[in-house]
Amino acid sequence: MNEINGRQLSIMIFFIPLVFKMSMLPSLLYAEAGTDACLAVTFVCALEFLQLGAVLFLCSQGGMHEIYFRYGTLPYVLLSLPVLFVMVLKSIVFLAEITNYVTSFLFYNVLNFPILLACLLILFYLGYKGGRSIARLFELSVWFVPVIIVMGLIFGKANLEFEYVLPVGTNLPAAVKSIEKYLIYTFDFSPFLFFRVKVRKRRNVALFSFVSILTVTACYMLLLARYGRATFLADCAFARLASFDTVVSEVGSLDWIGGLLWVSVALLTIGLKISSFSEMGSLLHIKGYLSSMLFCILLGIFSFFVWKNQKDVLAFATSGIQYVVFGIETGIPILMILLFSLRKQRRIYAASL
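Each residue of the sequence shown is one higher than the last, beginning at 27 in my numbering.
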């Protein structure tokens, strides 16, 4: 069973909510809710960290592995399969975002096929290596952040107009509707249920959760201050912010540093989902590379033959399936808590006899 230590957990808590909430989502939320997109994403992050609290509690009880050892194969499979269904669905959406970024922002006149194929090969390797290796790579990725900030301060510039962030709170019904529409971008901590997660200092989890929410909200405000009413056109948001308004020409651009960080963390986030599938397979006596290969084959089938571009993927992800995702992501932890509570009550009853 792969183990994630407290330091790695803190870094992952910071990065995971940031990566895909700072890609297409800002433009999508702004198109629905205007300047209240900042409030919408803050609420989305708060929901996600409430789920993280439940997930980490379940990890302290043994997570999915404890379900397997206490209740057997059938309950374990019945609880795991819906979570894995959600992971496959989210991975399809997220992989489409990576492909869109590489083919439309990072490079030009590049076909989807070789980018998808390269991503699938990397994801297969990450899924096979497991959560421990992915957590370590998250640790290494954090060093991109000071480089981006320093390079931006030295070479970049920023034309920010913070009046574009106002007014706030004038379009709350639209903000609620936008949250409902893009629920699929919420709850990305479920893979932790399949790993051994060590939480030595709860205050660190709370601190990094708070910092992550502040960072996401601040990035949305900066994006609004930069693009104003054109924010609905500002896809690949993180890369745009990390470019610090430098000219893309012979002079060069700073977006390659931010792009490298974003692509790396995006692949690691999907890889974490694949590695949780491998963890499930290991308990069912399936080789890790076979589980990882199966997950990547599913991704490839849907990405190559079913939803061939991000527009099609997004249309499906907002067609009602997001409510199924929400139900699974909230319902499975509740069921697990009930099962662990039932086990505890049985022990108390047995001890009283």
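If you are wondering where the hints come from, they were derived from the structure by calculation, not from laboratory data.
A hint or two may mislead.
As the list claims (entries may be wrong) - Once the Cα atoms are required to be at most 25 Å apart in a straight line, the calculated SDA-like pairs of lysine to any residue come out as:
#  : residue 1 : residue 2
1  : K334      : A260
2  : K224      : V168
3  : K224      : I360
4  : K334      : G346
5  : K155      : S86
6  : K207      : V332
7  : K155      : G357
8  : K313      : L147
9  : K313      : L44
10 : K224      : Y94
11 : K203      : Y102
12 : K155      : F258
13 : K155      : P140
14 : K207      : D338
15 : K203      : A244
16 : K337      : F133
17 : K334      : G79
18 : K224      : Y102
19 : K313      : A144
20 : K207      : K334
21 : K334      : A144
22 : K203      : F342
23 : K224      : Q348
24 : K155      : K313
25 : K207      : G353
26 : K313      : A200
27 : K337      : V202
28 : K334      : V103
29 : K313      : F328
30 : K337      : K313
31 : K207      : Y253
32 : K313      : V168
33 : K224      : L368
34 : K207      : K224
35 : K155      : L310
36 : K224      : G346
37 : K334      : Q348
38 : K337      : A200
39 : K155      : L137
40 : K207      : G79
Since the structure is predicted, the reported quantities are computational estimates derived from the model, not experimental observations.
Hint-by-hint comparison with the structure:
{"no.": "1", "hint": "K334 to A260", "verdict": "holds, 22 Å"}
{"no.": "2", "hint": "K224 to V168", "verdict": "holds, 20 Å"}
{"no.": "3", "hint": "K224 to I360", "verdict": "holds, 21 Å"}
{"no.": "4", "hint": "K334 to G346", "verdict": "holds, 20 Å"}
{"no.": "5", "hint": "K155 to S86", "verdict": "holds, 23 Å"}
{"no.": "6", "hint": "K207 to V332", "verdict": "holds, 22 Å"}
{"no.": "7", "hint": "K155 to G357", "verdict": "violated, 29 Å"}
{"no.": "8", "hint": "K313 to L147", "verdict": "holds, 17 Å"}
{"no.": "9", "hint": "K313 to L44", "verdict": "violated, 32 Å"}
{"no.": "10", "hint": "K224 to Y94", "verdict": "holds, 20 Å"}
{"no.": "11", "hint": "K203 to Y102", "verdict": "violated, 35 Å"}
{"no.": "12", "hint": "K155 to F258", "verdict": "violated, 38 Å"}
{"no.": "13", "hint": "K155 to P140", "verdict": "holds, 23 Å"}
{"no.": "14", "hint": "K207 to D338", "verdict": "holds, 15 Å"}
{"no.": "15", "hint": "K203 to A244", "verdict": "holds, 22 Å"}
{"no.": "16", "hint": "K337 to F133", "verdict": "holds, 19 Å"}
{"no.": "17", "hint": "K334 to G79", "verdict": "violated, 36 Å"}
{"no.": "18", "hint": "K224 to Y102", "verdict": "holds, 22 Å"}
{"no.": "19", "hint": "K313 to A144", "verdict": "holds, 23 Å"}
{"no.": "20", "hint": "K207 to K334", "verdict": "holds, 21 Å"}
{"no.": "21", "hint": "K334 to A144", "verdict": "holds, 16 Å"}
{"no.": "22", "hint": "K203 to F342", "verdict": "holds, 17 Å"}
{"no.": "23", "hint": "K224 to Q348", "verdict": "violated, 31 Å"}
{"no.": "24", "hint": "K155 to K313", "verdict": "holds, 12 Å"}
{"no.": "25", "hint": "K207 to G353", "verdict": "holds, 14 Å"}
{"no.": "26", "hint": "K313 to A200", "verdict": "violated, 47 Å"}
{"no.": "27", "hint": "K337 to V202", "verdict": "holds, 22 Å"}
{"no.": "28", "hint": "K334 to V103", "verdict": "violated, 31 Å"}
{"no.": "29", "hint": "K313 to F328", "verdict": "holds, 23 Å"}
{"no.": "30", "hint": "K337 to K313", "verdict": "violated, 35 Å"}
{"no.": "31", "hint": "K207 to Y253", "verdict": "holds, 23 Å"}
{"no.": "32", "hint": "K313 to V168", "verdict": "violated, 31 Å"}
{"no.": "33", "hint": "K224 to L368", "verdict": "holds, 24 Å"}
{"no.": "34", "hint": "K207 to K224", "verdict": "violated, 34 Å"}
{"no.": "35", "hint": "K155 to L310", "verdict": "holds, 18 Å"}
{"no.": "36", "hint": "K224 to G346", "verdict": "violated, 36 Å"}
{"no.": "37", "hint": "K334 to Q348", "verdict": "holds, 20 Å"}
{"no.": "38", "hint": "K337 to A200", "verdict": "holds, 22 Å"}
{"no.": "39", "hint": "K155 to L137", "verdict": "violated, 28 Å"}
{"no.": "40", "hint": "K207 to G79", "verdict": "holds, 24 Å"}
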